[in-house]
Structure formats: C-alpha cells, structure tokens
Amino acid sequence: MCGIFAIHGVENPASYRARAIACSKKLRHRGPDWSGCYVGKEAILIHERLAIVGVDTGAQPLFSEDGRLILAVNGEIYNHLALRASLGSDVKFKTHSDCEPILSLYKKHDKDLCNLLDGMFSFVLLDESVTPTRIIAARDPIGITTLYQGWSSKKPGAVYFASELKAIVDECDKIISFPPGHVFDSRDNSTTRYFQPSWWNGDLDGANAVIPTQPTNLELLRTRLEDAVRKRLMSEVPYGVLLSGGLDSSLIASIAARETEKVARAQFEIRQKKLQETISGPPTPTPGFIDEETTLVSWPQLHSFSIGLENSPDLLAARKAAHFLGTVHHEYTFTVQEGLDAIPEVIYHLETFDVTTVRASTPMYLLSRKIKAMGVKMVLSGEGSDEIFGGYLYFHAAPDANSFHQECVRRVKNLHTSDCLRANKSTMAWGLEARVPFLDKEFLEAAMNVNPEDKMFSKNKSQELDADGRPKMEKYIIRKAFDCAPDGKPYLPRSILWRQKEQFSDGVGYSWIDGMKDQAATTVSDEAFAQRAERWPDSTPDTKEAYYIREIFDGMFSLCLFPSEAAASTAIRWIPRGDWGCSSDPSGRSVSIHNAAYEEEA
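At the far end of the sequence shown sits residue 602, using UniProt numbering, and the numbering has no gaps.
Note that these hints are calculated values from the structure, not bench results.
Computed from a predicted model, the values in this text were never measured in an experiment.
A hint or two may mislead.
What the hints assert, rightly or not - Computed cross-link-like contacts, BS3-like style, restricted to lysine-lysine with a CA-CA straight-line distance of at most 25 Å: (1) LYS41 to LYS231; (2) LYS166 to LYS154; (3) LYS413 to LYS111; (4) LYS489 to LYS472; (5) LYS372 to LYS166; (6) LYS94 to LYS108; (7) LYS111 to LYS41; (8) LYS370 to LYS26; (9) LYS94 to LYS41; (10) LYS107 to LYS92; (11) LYS441 to LYS480; (12) LYS372 to LYS413; (13) LYS25 to LYS174; (14) LYS155 to LYS166; (15) LYS489 to LYS262; (16) LYS459 to LYS441; (17) LYS320 to LYS480; (18) LYS25 to LYS107; (19) LYS26 to LYS107; (20) LYS166 to LYS25; (21) LYS461 to LYS441; (22) LYS41 to LYS25; (23) LYS320 to LYS262.
Let's have the full structure, built from the sequences with the hints guiding it.
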C-alpha cells in the first residue's frame with residue numbers, strides 16, 4: 001500500500017503544486033520509498049510509494065502509452081498477471097507494477113473495470129483524452145484500504161481525494177470517508193456501488209432480508225482461505241505474519257507457513273537454473289515477460305511477530321503456535337506506560353476516536369515499528385473473521401439465526417470503520433503493509449452464504465459437542481474446517497485451534513485496558529465529564545476513557561481552517577448490541593461468558 005493525494009477541477013493547477021505536495025507530504029509515512037507528482041490541465045495527482053511489487057519499475061503515477069491517462073493507486077492487485085494475459089499480446093506494458101493493467105482495463109471497460117480487480121485498492125484515474133477532463137476514483141469492496149473525499153467552499157467545483165484525513169483536513173470544509181465498493185465519476189459527479197455480492201442484502205429487515213440456507217461446506221471454506229493466503233504472498237520484499245496466538249492469526253500463519261515452504265522450493269529451483277545458465281549461457285530473453293517467479297519473496301523462511309505485556313495470554317499462545325509451525329518467531333513486550341505514551345501518536349495516525357480501535361491499535365502500532373526496523377514491508381493479518389463468523393462473544397446473545405446473520409452482514413459492511421482502519425493505519429504509520437486474507441472476495445462469497453444456524457453458538461453448561469467431541473463454540477465452522485491433517489500434519493495444535501476468542505486489546509494483557517481506564521480517570525475531571533454532552537452533542541462519550549480519547553482527537557484536528565466537525569464526522573464508534581442485553585464496553589471481558597469460561601477451566 002501507498003499514499004495518494006489528488007485534486008480535480010482546479011484552475012491553474014501549477015500554482016497549487018507546492019501546496020498539493022505539502023498536503024501529500026503528510027502521507028509520506030505510508031510511502032517512504034519515492035514520491036511522484038503529475039500536474040495536468042485541471043488536476044494534480046501525487047503518489048507516495050511503498051515498493052513491494054514491481055520494485056524497480058513501478059513508480060507512480062503511471063501513464064498510458066499516449067500519456068493521456070494518468071493513474072495513482074494505493075494497494076495491491078493480486079490478479080494482475082491474469083489481467084495482463086486477458087488484455088492480449090497487443091497491449092504493451094511499461095512496468096512490472098501490479099497496478100498498470102488498470103489503465104488498459106479502463107480503455108476497454110470504462111469504470112466497470114472495478115469488478116475485474118481482485119485485491120485491495122484505492123485509486124484515482126485521470127483521463128485527459130476528453131474535454132472536460134474526467135476523473136474516476138474507486139475503493140476496494142470492503143474498504144481494506146483507506147480513502148477520503150473532500151470539497152472546499154473556497155474552490156467550488158474542485159474535488160479532493162486522499163488516503164488519510166490529515167492530507168485534506170486543512171483544505172476542505174466537507175469530508176467523507178469514501179464508501180467501499182463504490183466508484184466516483186466526475187463526468188456526472190456520481191458515486192455508484194459496483195460491488196454487489198449475493199450476500200449484500202442479508203442485513204435487511206422483514207421480508208426483504210436475504211438469509212442463506214446452504215449447509216456448511218467445510219472443504220470449500222478451507223480451500224478458499226488457502227487460495228486467499230496464497231495470492232497475498234505476492235511480494236518482491238521480505239514478508240511475515242502477525243501472530244497473536246488466537247484462532248484467526250494462527251490459521252493465516254499456518255497456511256502461510258505451508259505456502260512458504262513451496263516458495264523456498266521454487267527459489268531453490270531458480271538458483272539451480274541460474275547456476276546452470278552460468279555453464280551453458282542464459283536463454284534468449286523475452287522482452288516484457290513477467291511470471292509468478294519474478295514475484296517470489298527473497299526471504300523464504302516465514303517470520304512471525306507478536307506483542308503483549310509480559311506474560312500476556314497472546315504472547316504465551318503465539319509462542320506455542322510459532323513453535324508448532326516452525327516459524328522464525330519474534331516476540332516483543334511493552335509496558336502500560338509505553339502504550340499510554342503512544343496514544344496521541346496512535347490517534348493522529350488512526351484519525352478516529354473510537355475506543356475499541358484505539359485500544360487495539362496501540363499494541364499493533366508499537367509492533368509495526370519493530371517489524372519495519374527488521375526490513376519487513378508486508379505482513380499477513382487475521383482481520384475479518386469475527387465479523388464473518390460472528391466470533392465476538394456478544395454474538396452468543398443473538399435471539400435467533402436471522403438476527404445473527406444480519407449482525408454479521410452489518411459488521412462486515414462496516415469493517416472499514418474499525419478493524420480495517422486499524423490494520424491499515426496502525427501498520428502504515430511505519431510504512432508496513434497489512435494484507436487480510438479473510439476479506440478475500442471469493443472467501444466471503446463462500447462464508448457469507450452459510451446457513452447462520454451453523455454459526456450460532458452457546459457457552460458454558462449449554463454448550464454442545466459435535467460427534468468428535470469438539471465444542472460448538474464461536475467460529476465453530478472455520479475451526480472445524482481446519483481440524484484435519486493433510487499429509488499427516490495438522491494445521492494447528494488443538495489448544496490453539498479451539499482457543500476461546502480474545503479481543504486483541506484484551507489478549508495483549510488485561511492490564512492494558514485497565515491502564516487506559518485508570519489514565520482517563522486521573523485525567524478527566526468529574527466536572528468536565530458531566531458537561532460532555534454540551535461539548536459533544538453528537539457521538540457523546542459515555543465513559544471517561546472515551547472522553548479522554550475524544551479530547552486528544554480534537555486536539556489533533558482543531559487547528560484547521562474550519563470547525564473540527566468535518567474531521568469528527570468521519571469517525572464511527574464500535575459498540576456491541578445493547579438491545580441484545582450486551583454491555584456497551586467492547587472488551588470481551590465485559591461479556592459474562594468470557595470470565596465464566598476461564599473460571600470453568602480453572
């Protein structure tokens with residue numbers, strides 16, 4: 001992933017170049033490898049690059065052969081080789097960038113090209129072959145990448161786009177988080193949804209609800225997730241996996257470890273081939289040819305990374321999973337005070353005041369710095385599984401299967417406001433790219449069309465066991481899908497595969513959340529808290545911790561040329577279902593079955 005900034009519909013854009021570069025510079029942590037700027041007839045496109053694929057030739061903005069189409073992309077297009085092949089041999093490519101096929105797809109399919117892309121992306125494409133010039137902008141189906149759109153009353157007719165809020169917060173008095181799965185077209189100023197999967201209307205109420213009835217296909221779930229991990233290993237730089245020791249990250253790590261073994265074998269064959277060429281001479285080169293061998297990573301042994309307070313649940317579980325998988329494991333600890341010291345920086349990068357996101361992002365932010373210092377640019381992560389399978393512990397309170405499924409769909413649709421935002425911004429703060437296999441389009445199509453009765457679970461004394469003696473706990477079907485041993489080797493040890501769900505902010509150490517609450521209690525006075533509704537009539541903080549976070553957020557974005565409501569309007573709070581009798585505190589420990597489960601184990 002990278003950082004992009006664009007403005008379209010501005011007179012004399014050359015005079016705005018220095019200002020635009022200053023705006024884009026606020027994104028340079030996302031793309032520290034190179035910066036590119038294009039000034040057109042009435043537009044400016046700027047790209048801050050993190051080089052992972054097409055390292056030597058993929059600098060952006062990218063240009064069509066005639067120079068009249070200009071493209072800036074943040075993200076990765078996993079099916080770029082298939083797209084290149086589908087375009088035919090008459091299409092010539094200038095680079096090995098996975099994003100370059102978008103230019104030719106636009107010529108052939110116009111903005112319908114978005115449905116052909118398999119990846120995570122936000123892009124802005126400028127077409128100067130038409131008058132007036134045209135710009136289209138799009139965001140990936142779930143919102144794994146971040147994108148904001150803004151308008152300024154001082155520049156009527158102009159539209160802004162940026163990967164992060166901070167790049168346009170001083171320029172615009174109206175800002176939105178660009179909706180995932182949509183494409184904007186300046187030709188008619190329309191924003192339309194291109195992503196329309198079969199499960200999309202599952203959150204509708206009444207007769208309009210689309211509730212799946214298909215029984216679970218465990219083999220399909222397993223193979224789709226394996227495919228999703230495999231395609232996300234596309235990289236020309238060292239990569240690793242985030243490993244908390246929970247189910248989701250451990251499954252991704254297990255699959256990645258198996259695939260990395262294949263990469264190691266492939267690299268050995270390449271070295272043997274090159275050795276042979278030193279004896280017999282190289283084969284005749286094929287100009288412009290690119291295949292999967294050219295994107296094999298140069299660090300063939302899988303590295304895993306975990307973080308937590310000393311002796312935290314996640315560190316202990318991750319150590320066990322890493323030993324079983326044979327990864328080169330890197331374990332880091334932090335103190336509560338180190339986490340508290342980082343909170344202002346975390347909020348600056350997150351651009352949200354959501355309590356859950358800040359809690360979970362702080363350890364991830366600290367870990368990302370350590371990972372980047374090792375020279376790693378890309379990691380796989382396990383976001384999305386809890387939303388897809390109803391893995392949060394409060395889901396046990398769902399009144400029926402329909403309600404369970406509707407909540408799953410709502411959570412998946414809103415991932416861009418919480419877990420995707422966290423995974424993207426807390427890692428990209430240090431120029432580290434996180435890829436999330438659970439949010440693969442094909443995997444979603446399989447997992448979101450499962451009969452929700454198969455996903456429901458109960459806890460404690462009412463918990464059922466299957467025929468193999470496995471507990472029908474949260475995320476049962478994905479656990480069961482990998483409760484096997486291809487080639488005689490299990491994917492995970494049973495203690496990890498059937499480990500109870502922990503919120504990431506809980507798993508790194510329970511005293512982390514307690515420390516945040518204590519800090520807020522000593523910082524926010526009772527008098528100030530009593531007047532919170534007067535200060536923030538919208539999204540009013542309901543705890544001192546929320547007040548503390550919101551006050552820091554406002555401090556970050558209050559020195560702009562407009563009221564901070566423009567920035568605050570893009571933030572969404574993550575809250576469990578109060579109408580299901582759940583606590584508003586998002587910590588898993590606030591759900592009664594969490595403590596009960598551990599009491600039973602004791």
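Hints, verified against the model:
1. LYS41 to LYS231: Not OK: LYS41 and LYS231 at ~38 Å, beyond 25 Å, violated.
2. LYS166 to LYS154: At roughly 18 Å apart (the allowed maximum being 25 Å), LYS154 and LYS166 satisfy the hint.
3. LYS413 to LYS111: holds (22 Å)
4. LYS489 to LYS472: Holds, at roughly 23 Å.
5. LYS372 to LYS166: holds (22 Å)
6. LYS94 to LYS108: Between LYS94 and LYS108 the Cα gap is close to 18 Å, so the pair holds against 25 Å.
7. LYS111 to LYS41: holds (21 Å)
8. LYS370 to LYS26: Given that 25 Å is the threshold and the Cα spacing comes to 22 Å, the pair holds.
9. LYS94 to LYS41: Roughly 24 Å separates the two Cα atoms, so the pair holds.
10. LYS107 to LYS92: Distance ~13 Å between LYS107 and LYS92 Cα, so the pair holds.
11. LYS441 to LYS480: Status holds; Cα separation ~21 Å.
12. LYS372 to LYS413: It is violated: about 30 Å lies between the C-alpha atoms, which goes past 25 Å.
13. LYS25 to LYS174: Answer holds: LYS25 to LYS174 is near 21 Å, not above 25 Å.
14. LYS155 to LYS166: With Cα atoms ~18 Å apart, LYS155 and LYS166 stay inside 25 Å; holds.
15. LYS489 to LYS262: With a Cα-Cα distance of about 15 Å, the restraint between LYS489 and LYS262 holds, given a limit of 25 Å.
16. LYS459 to LYS441: violated (31 Å)
17. LYS320 to LYS480: holds (20 Å)
18. LYS25 to LYS107: violated (31 Å)
19. LYS26 to LYS107: violated (32 Å)
20. LYS166 to LYS25: The given pair, whose Cα atoms are some 10 Å apart, holds under the 25 Å limit.
21. LYS461 to LYS441: Distance of about 37 Å is beyond 25 Å: violated.
22. LYS41 to LYS25: This hinted pair holds, its Cα atoms lying about 22 Å apart.
23. LYS320 to LYS262: holds (23 Å)
Checked against the numbered hints above, the structure violates hints 1, 12, 16, 18, 19, 21; every other hint is satisfied.
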